[in-house]
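**Student:** Listed here are the chains, written in short residue letters.
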Amino acid sequence: MSIHVNAFDRFRAGESLIHRLDPRIKVVVTVLFIVSNVLLPDGAWLAFALAWGVILLTGVVADVGVGYTFKRSFVALPFALAAVTAIFAIPGRPLASVHLGPWDLVATDAGLIRFVSIVIRSWLSVQMAILLTATTQFPDLMHALRHLRMPRLLVAIVSFMYRYLFVLSDEAMRLLRAREARSARLTEGDGGGSILWRAKIAGNMAGQLFLRSYERSDRIYNAMLARGYTGQHLTLNPHEMRNCDWLIGALAVMLTVFLQVVGRL
Amino acid sequence: MNWIFLVASTVPTMLRAVPGDPALHIPDGFLNLPISLLGWILTAILLAVAVRRTEGEFSERQIPLMGVMAAFIFAAQMINFPVAGGTSGHLLGGALAAISLGPWAGMLVMASVVGVQGLLFQDGGLVVMGANILNMGLLTALIGYGLYRGVLGQSRGVRLAVAGVAAWLSVMAGALGTSLQLWLSGTARLDVVMPAMLGVHALIGIGEALITVAALAFILRTRPDLLAGTAEARAGRGWVVAGLAAALVVVLLSPFASANPDGLERVAMDLGFIGQGADAPYQILPDYAVPFLGETALSTVVAGAAGALIVAAVAVVIMRMLRRSASPA
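Chain order of the listed sequences is A and B. If you're matching positions, the first sequence starts at 0 in numbering that gives the first Met the number 0 and goes up one per residue. If you're matching positions, the second sequence starts at 0 in numbering that gives the first Met the number 0 and goes up one per residue.
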């Protein structure tokens, strides 16, 4: 069993208006939207709700299904634990107090609002990023970033990385499977020697993967030379800003300004 | 409250499609705009230098090498070993990348890894990506390589031991950076987030150190030529100084801040950088209707985070520039 690109890549093929937008405008609008979320004040519930409405609407237009972004939107949720302490960090009307070891924590209404707002901001932003990835192929995304002045070298590295992500992840899975086949009860209990021994084996596997990757990159380079590599990744997609791209961009700017105004009413 | 973070750093590996340390991948929304921008500025400066150095120093042959190595780090983060009670040790890879590929290449590789995790898997946000790259890629590479470079001429055992210490410290630096950024953004209380993050990562760092040492030992045994070539050719004393400085900051600041978080807060206030710490950034925001901050807010927070991490990061850049202008090109 190996990992296939479809299992990894979040791109959803489609012909919608959003899919056909220039990737540059999609990147810019996504970042703009996330910045707008970050700037919304604590407790701007109406603006939060409107922003979610925008996401749902975009999801419908992009034909990825209303549930798609929602289903995957909880990836960042575990990190919310890091913000739990915000409840106790902000001065405000005290709601409850907790004594926990060395900590004397007083929950306040302002703190609670801050915490919920942080989680909502993050949740909205993740959904927008999911939409971007779902409607833009990764090579197009890289092309867009190149147009947006990301250094050529970095774009080239990331493009290569994307191509070999699946290959090397496969390789890592093979190593893990081989280990599982050879050391019994690895997942439960202490099968396979002491912790140090297990760590060493994991390190050997990483070293092994390093060497295989290193040697693979040599072969790749030789193959590229043989085929006339010039340092540029080519794409068949035209990447021209059309009128409708500018229109959507302008619309998005107006929308975020509107959200900011609503958030501050 | 440490257990919460223990859960936070182990349970999500089941929820997530991607390996890696979830506690360091900050999602969008958890850092405010000034801190996010600061992260991007520092990251952009360091990466710009890295790109220039790498382009000047290497042939186009390095492009597939670094691309494949970035994919390697991504895949290597899947390799884990069971510790106890369902937890497992795994690799972040910053120190390993910098030691095996050289510091600048290591930074580019780690930036690519963090970038793809954010762009393709939403593992870490986009606007906060600068901070994530700084924490997981640049600080780790700086400390990892700097310390290792210091003992380059020593015996194999010493080098491996230092590589292990460097790997542990690099994870701690990432955790320290993350908690400071969360605190400065008003997202978390310093006296809770700092001991929790550092406590958990003191353990995670041991896994990192063990895997890094074993991996390096394996490479030294099978292809010693690879490590000899990279480490000697690529950089001089500046890295040692910068790496030691950054490591020292982690070593000195962590226990101080954990034992006496009020102290750090008071120092911050006395120096006048971050008004009331947590509140300042958000209280300023509502006054600005335009979604961009005035000079004052930004510069205040720039000064605030100037604490230690930046000094170390900027020191490298300056040192590299001084070195270059001093040597007849």
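No lab work stands behind these hints, which were simulated from the structure alone. Please note that a few of the clues may not be correct.
Said to hold, decoys possible - Residues of chain B placed beyond 12 Å of chain A at every Cβ, according to the derived structure: (1) VAL127; (2) VAL150; (3) VAL157; (4) ALA160; (5) THR186; (6) GLY237; (7) LEU243; (8) PRO254.
Stated by the list, open to error - Some chain B residues near chain A, calculated using beta-carbon distances under 7 Å: (9) GLY28; (10) LEU32; (11) LEU36; (12) TRP39; (13) ARG52; (14) GLU54; (15) GLY66; (16) LEU181; (17) VAL191; (18) LEU209; (19) ARG236.
In this text, a Cβ means the ideal position worked out from N, Cα and C, and glycines have one as well.
**Student:** Next step is simple, just say for each hint if it's right about the structure.
**Tutor:** We went through each hint and held it up to the structure:
| no. | hint | verdict |
| --- | --- | --- |
| 1 | VAL127 | 9 Å, violated |
| 2 | VAL150 | 19 Å, holds |
| 3 | VAL157 | 18 Å, holds |
| 4 | ALA160 | 14 Å, holds |
| 5 | THR186 | 5 Å, violated |
| 6 | GLY237 | 22 Å, holds |
| 7 | LEU243 | 25 Å, holds |
| 8 | PRO254 | 15 Å, holds |
| 9 | GLY28 | 3 Å, holds |
| 10 | LEU32 | 5 Å, holds |
| 11 | LEU36 | 10 Å, violated |
| 12 | TRP39 | 11 Å, violated |
| 13 | ARG52 | 10 Å, violated |
| 14 | GLU54 | 6 Å, holds |
| 15 | GLY66 | 2 Å, holds |
| 16 | LEU181 | 6 Å, holds |
| 17 | VAL191 | 4 Å, holds |
| 18 | LEU209 | 4 Å, holds |
| 19 | ARG236 | 26 Å, violated |
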